[in-house]
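**Student:** Protein chains in written order, with UniProt numbering: chain G, 1 to 432; chain B, 1 to 515; chain X, 1 to 371.
Don't take every hint at face value.
[Stated by the list, open to error] Once the Cα atoms are required to be at most 30 Å apart in a straight line, the calculated DSSO-like pairs of lysine-lysine come out as:
(1) G:K286 to B:K353
(2) G:K288 to B:K327
(3) G:K288 to B:K144
(4) B:K283 to G:K286
(5) X:K250 to X:K222
(6) X:K353 to X:K332
(7) X:K230 to G:K377
(8) B:K335 to G:K288
(9) G:K286 to B:K374
(10) B:K283 to B:K327
(11) G:K286 to B:K335
(12) B:K353 to B:K330
(13) G:K377 to X:K57
(14) B:K353 to G:K288
(15) G:K288 to B:K374
(16) B:K330 to G:K286
(17) X:K156 to X:K353
(18) X:K353 to X:K250
By construction, these hints were calculated from the structure, which means they are not laboratory data. If you're wondering where the values come from, they're calculated on a predicted model, not measured in any experiment.
So the chains spell out like this:
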Amino acid sequence: MSRAKELQKSLFGGTTSNARQFGMIFTLVAIVLLFQILTDGLTLSPVNLISLVSQYSYILILAIGMLMVIVAGHIDLSVGSVAAFVGIVVANIMQDYSIPWFLAVLIGLVVGAVIGAWQGFWVAYVGVPAFIVTLAGMMLFRGGNQYIGNADTIPVPEGFRTIGAGFLPEVGPNTGYNNLTLVLGLVICVAVVVREWRGRRTRHQMQAEVAPMWISVIRVAIPLVVVVFATLQFAGGRIGTSFPVSGIILGVLVVIYGFVTRNTAGGRHIYAVGGNARAAELSGVKLKRVNFLVMMNMSVLAALAGMIFVARSAASGPQDGIGWELDAIAAVFVGGAAVSGGLGTISGSIVGGLVMAVLNNGLQLMGVGSDRVQIIKGVVLLLAVALDAYNKKQGRFSVIDSLMRPFRRDAAPSSASPVETGQEHGKSPVAG
Amino acid sequence: MSDAPVLLEMRSITKEFPGVKALSDVNLVVRSGEIHAIAGENGAGKSTLMKVLSGVYPYGTYSGEILYQGTESRFSDIRASEHAGIVIIHQELALVPGMSITENIFLGNEPGRGGVIDWKVANRRAIELMAQVGLEEDPDTLIKDIGVGKQQLVEIAKAFAKDVKLLILDEPTAALNEDDSQHLLELLRGFKRQGITSIIISHKLNEIAQVADSITILRDGRTIETLDIKADGVDEDRIVRGMVGRELHSRFPDHTPNIGEVFFEVRDWTVRHPISSERLVAKHSGFTVRRGEIVGFAGLMGAGRTELAMSLFGRSYGNYVSGQIFKDGKEIVLKSVSDAIDHGLAYVSEDRKAIGLNLLDDIKTSMVSAKLSKISNHGVLDQVREYEAAESYRKSLRVKAPTVDEGVTKLSGGNQQKVVLAKWMFTDPDLLILDEPTRGIDVGAKYEIYGIIQRLADQGKGVIVISSELPELIGLCDRIYTVFEGTITGEILHKDADPELLMKQMTSAKKAQRA
Amino acid sequence: MRNILVRGVAAGAIALLSLAACSSEREGGDSTATSGSTEAAKGFPANSLIGVALPAKTSENWVLAGDLFTNGLKEAGFQADVQYAGSSTTVADQQAQISAMVTKGAKVIVIGATDAAQLSTQVEAAKQAGATVIAYDRLIKNTQGVDYYVAYDNFKVGELQGQALLDGMAKKKPSGPYTVELFSGSSDDNNSAVFFDGAMSVLKPKIDSGDVVVGSGQTDIKQTATDGWKAENAQRRMDSLLTSTYNGDKTLDGVLSPNDTLARAIITSVKGAGKPLPIVTGQDSEVESVKSIVAGEQYSTINKDTRNLVKQTIQMVKDLQAGKTPEVNDTKSYNNGVKVVPSFLLPPMIVTKDNVVEAYANDPNLAPLTK
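Modelling step: build the complete structure from the supplied sequences, incorporating the hints.
**Tutor:** Laid out in C-alpha cells, this is it:
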C-alpha cells in the first residue's frame, strides 16, 4: 500500500498533486479503456476523438472559469444564459452589419466582459451573494437572448464557424496525416520534456530531493505515449478533419489559466480569498478586486464558449446554453474542487470534465438513451464528491494524528516515510 | 481527598493512529468529588485521552480499559458516555449563535413527548440550571448577544441538563478575561461541594495550582506523574518541570533592550463601531513607539485593544472618524491593508485560525502570502525564491515541521504562530502589532515566541504586544499602555509595572499620572 | 543523466508512431471519402446500422415514432440506433448523438430535429462520412447535407385547423362576429410557421372582414409562439390572456391551437378560469385529446398517423439500401435556405367528434377510446 502511494507521489509530485487528482486521472483512463472495449474500439477512433473534442471544448472552457469562481468561494449559475445572450448578439450583428467574423468574436468578448463587470459589481462591491446575482443573471440574460432573437434561430456566416467547427488546415506534403496536427503534437512533446527538465532543475536549485532519473523517464514517457497516440489519431482523421480549432482554443486557455492560477500572485490571491477571505484581506489582498475579476473573467469565458457553440451549431438558437452551468459545475466538483472554496485546480477540472464527457460519449456510442445517460452521470457526480467527503473525513483523523505526533524537525523529506503517506488525505492540493 | 472512592480509572490506555502512537500506556485515576487537572504541552495527548473517555474514539479503537463507577465501561459514542453522566465541554463551544439560551441548553435533549417540546418545562428548568451556574440573563436571550464568559456558563448549564456526574472542561478559560475566569473557577469549587467531579485541562498553570486537588501530567503520550496539589506542595514551577521535563529557569529569555528614538506616533485616534455607529471603539487615543522598543497594551476583554490595532492597520476595522498617524516624523494615511503593509506595518491577529491563516495552505504559501511581490517578477511567482524564503524562516524560527510543504493544520498552535510571525516578518515591517501572540500555546513555545519578539526589537523594529496575561506584559515589555473602553488610561514603564497598578488603570476611566 | 531521458523518450515515441500509424482513416490521401456524397445507386448491406435521432420525449408522438422505428427497422433487417435528446440540453445532446451515429458508421441517419437550424455541422459530417440524411417531420435548414425530407403536408394541416375552427364556432353560434385567440408552435421549429401560415390563409379573410375578432389583438407569430412546444408555456400565456382580455363576461369563442398538448393546456387554463369552453383545435391525435374530443371538450385534432410517416421513412431507407432512388412527390416547395430538398409529403386528415370512430378504426390504441 505505502509502496504504491510512494510511487504515486514520486510520479505525480508530492505537492502539485494529491490522491484525489491521481484518482481522477486513473478513473479517466479506466473509463476510456472500458468504453474502448465496450464500443469495439470506436471510442479512441479518430472520428470519435475529433467529435469528442469539438463537442465538449466549450463546456471545458466554462469549467476553467467556473473553477476559479468556485475556488474563490462563489458560484456562477448564469454562464449558460450569458453564453446564449452573447451568441445571439454576435449572430445578430453579423447578420445585420456583415462585419468580419473575427471582429464579431472581439465584440462578443467585450459584451461578455461588460456582463461580467455587471455581475462582478454586485458580487464584489455591493456584497450580494454570487448565487443570487447569477441566478438573477440567468433569468436576465435568458430573457435578453429571447428578446433579441425573438426566440428565433439565427444562422452565422461560414468564417465564424471556424472557431467551433473548424480544423487545422491541410498544408505541406502528403504524409498520410494532417501535417499541422503532427507539428502541434511535436510541440507538445517537446514541452512535456522541457517541463520535466526544468522541474528537476528547480528542485535542484531548491536543494530539495530530486527524484531518481527513472521516475522522470516514466513521468515523461507516459504523457508522451498519450500525446503521440492522440496526435496520430487526430492527424489521421478523414481528410478535412484534424485537431479541432476549438480544441486548440481550449488548450491555449488551459495553459494560460493553469499558469495564472499556479504561478502568479493574482492566482494565489484567488485561493487565499476562497480559503479564508478575512485572512486574505488582512494580508493585503484586495478582496473586492479579486471577486470582481473572477466573476468578470467567468462571463468572458462564457461568452467565448457561447460563440464556439454557435459556430459549431452554425446558428444561434433559443435553447443554447440551457443547463451548461450544471455541466461546468459538475466538471469542477468531479475534478476535486471543494464546495466551500479554496481548493481545486484547472487540470483537475479538465480531467473531471473529460470524465463526464467520455462517459456521455461512450454511453451514446453504446446506444444508451439520454435518460439513462443522465442517471449514470448523476450517480457518478454524487459518488465522486462522496468519495471526496469520505477522504476528508478520514483526513480529519489524520490531522489529529499529526498534532499528536511529535515532530522530528530534521527528519528526511516526507516522500519516503510511511508515517507521512498515511496522512495523504489532509494534504492541500492548492499548488497543483 | 485521597481517601475518597475512585470514580474513574483509565488503565494503560494506548491509542494509535496510522504511524503514530498518540497515547501509550496512560493511566488516570480520578476520585469522586475532586477537581482533577490534566496538564501537558500541546500534543502531549490530553485531548486524545478525553476523546477516548467520552467515546469520540469508541471502544475497540484503543487498548486498555476504562473503569467508571467501579465497572468497566465501553462507550460506543458520545451519547453513550453522556448517558453515563460524563460530559465534555470543548474549547470551541458547541452553541448555536442564533438560538436562545434555553434552546441551546436543551439542544438534542429537549424535554417533551414524541418530539414536541414542552416549552414550559424547558423554560422552568433553564432558569433553575442558570441559577445553578450563576448565570443572570433572560433565558430567551440569543447566544450571540451574550459574551464568551456567559456562553461558557450556558455550555455548563447544558451539561447539567444532562445530569452530569463527571464534568470535563477543555481549556475553559482560554477565551475568558480575568474576572470571568475567576468566576468560573469559583463555580468549579461550588460544584465540588455539590459532589460533582471535574476534570480540567488548562495551560494556565496558576489556575490549576489555585483550584485543582490533584494533577496528572502527560508528556509525549505517556503519564509522567500524578500529584496531590496540597500534600505535595505543587506550584507552577513544579508543574512546568513535569510538563517539559526540564527546569525553566525563567519564563522569559534574558534581554537587554536597546531603545532608540520615537519613530511611530498616533494622535487623537477615534473610530466608530462598524455597525452601531453611535458607539466609539477608540476614543482620542494616542501613543508612541520607539525603535527597538516592546510596547504592551493591557486591558480587559472588550476594552478595545484589538479594535484600536486593527483600525490602525489600514482601517480594517470600524469606521474612521479622526486621528493622525506619524511615522519617522511624517504623517501617513493608511486607507487599506496594502497601504499599511507598504508603510511597514504588520498586524498578527489574536485569532490565528479564523483570520490569521488560510488553513488550506501549506507552510511556505502562508509565509509569503502577505508580500507576494517579494518573490515575484511582474506578478509571476518564483517558486525557488518562495521555497528559499520559507525554508530560512523554518530554520531560524525553529518551526517543527519536516518540510515547508507541510499543511499548516498539521502544526501545533505554537508552530502555527511561528508561521504567522514569519509571514509578517517577511513583509519587512518597521512596526509589528502582535495581538495575543501566545494564546493557546504551550509553555515551551511561549518562551521561543518571546525570544523572537525580543530579536525583532533588537533589529530596531518597534513591537506592540497586546495581551490579557499581565505577567506576560510585565515580563516582556519595556513600556505598557493601559486601555479602558477605547481610551488609553495610563502608561507605565517596565521598572514600575506591577499587576495591581496595571489592573487599577485597566478598570478605570481616569487617566493616571505617568509613574 | 539527461541523455537517458531523451533517449528513452525518443525510443518510446518511435515505437508508438509505428504502432498507431495503421489506424489512419485517410487511406493514402485523397480517395473515395473526399467525394463526399454517397452514391445512392450503390446501396449498402442489408444489416447496416440506421441511426434515428429524435427530439426530447415531450410528446407521445415522438415516443411512438421511436418505438415504430426501432421495431420497423429491425423487421426490415437493419440495426437500429434510436436516440432521444435529453430533456434539458436538447440541441447539444442531439448534436452529440448524431456524431456518435456517424462514428458508428450509420448508413442512413433519420433526424427529427430539436432545432432545425443548429445541426448543419453534424449533418455535413454525416454526409462526409458517407451517410444519407433524411429529415423526418422537421426540415433541417441551412445545409447542403440533407438528402430527403419526409413529413405530412404541414401547410395543409394549418388550413384544416383554420377551417375546423370556423366550422366549430359556426356550429355553436350561428352568426359572428366570433372572438378567437391564436397560438402557434415553438419558433425554433421550422413547421410552426407553416402550420400558422396555413391556418391564417383560411382565417385572414374572415379577420379582415370583421367576422372573426382576435380578442387580444395578438396576430403576429412572434406574439403567439409557444416556446419549446411546452404545455406550461401555452397555459401561462392563456392564463394571462384570460386575465387581461376576458375578465368579466367577455366570452371567447375559439382558440387556434397548433397541437394537442397545447390544446389541452389551453382547455385546462380556461377551465381554471371558470369560463365556458371555446372551440379548440389540435393536431397529432394524442390519446388524451382523443378522449377529450369524445367527451366533447377539445373540438378537433389532426390525424397524421405516425405509423404512416414512419412506414414511409423506412420505405425510403429500404430503397436506399437496395440502391434505388427513394420516391418523392414534391421537389419544389421545401427550400432549407441553401437547397430545395426533395420531399415526400403525406396528406393529413381532420378529426372531430363526428368522424372520430371512422378515423381511428385502424388504430389499435385509439380505436377503443372512441367506442
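**Student:** Confirm or reject each hint.
**Tutor:** Okay, the hints, checked on the actual structure:
1. G:K286 to B:K353: Roughly 20 Å between the alpha carbons, so the hint for K286 (chain G) and K353 (chain B) holds.
2. G:K288 to B:K327: The given pair, whose Cα atoms are some 28 Å apart, holds under the 30 Å limit.
3. G:K288 to B:K144: Roughly 28 Å separates the two Cα atoms, so the pair holds.
4. B:K283 to G:K286: holds (28 Å)
5. X:K250 to X:K222: holds (25 Å)
6. X:K353 to X:K332: violated (36 Å)
7. X:K230 to G:K377: This hinted pair holds, its Cα atoms lying about 25 Å apart.
8. B:K335 to G:K288: holds (14 Å)
9. G:K286 to B:K374: The hint holds at about 17 Å.
10. B:K283 to B:K327: Holds: K283 (chain B) and K327 (chain B) sit about 21 Å apart, inside 30 Å.
11. G:K286 to B:K335: holds (12 Å)
12. B:K353 to B:K330: Not OK: K353 (chain B) and K330 (chain B) at ~35 Å, beyond 30 Å, violated.
13. G:K377 to X:K57: holds (19 Å)
14. B:K353 to G:K288: Roughly 22 Å between the alpha carbons, so the hint for K353 (chain B) and K288 (chain G) holds.
15. G:K288 to B:K374: holds (22 Å)
16. B:K330 to G:K286: The hint holds at about 26 Å.
17. X:K156 to X:K353: holds (20 Å)
18. X:K353 to X:K250: The given pair, whose Cα atoms are some 27 Å apart, holds under the 30 Å limit.
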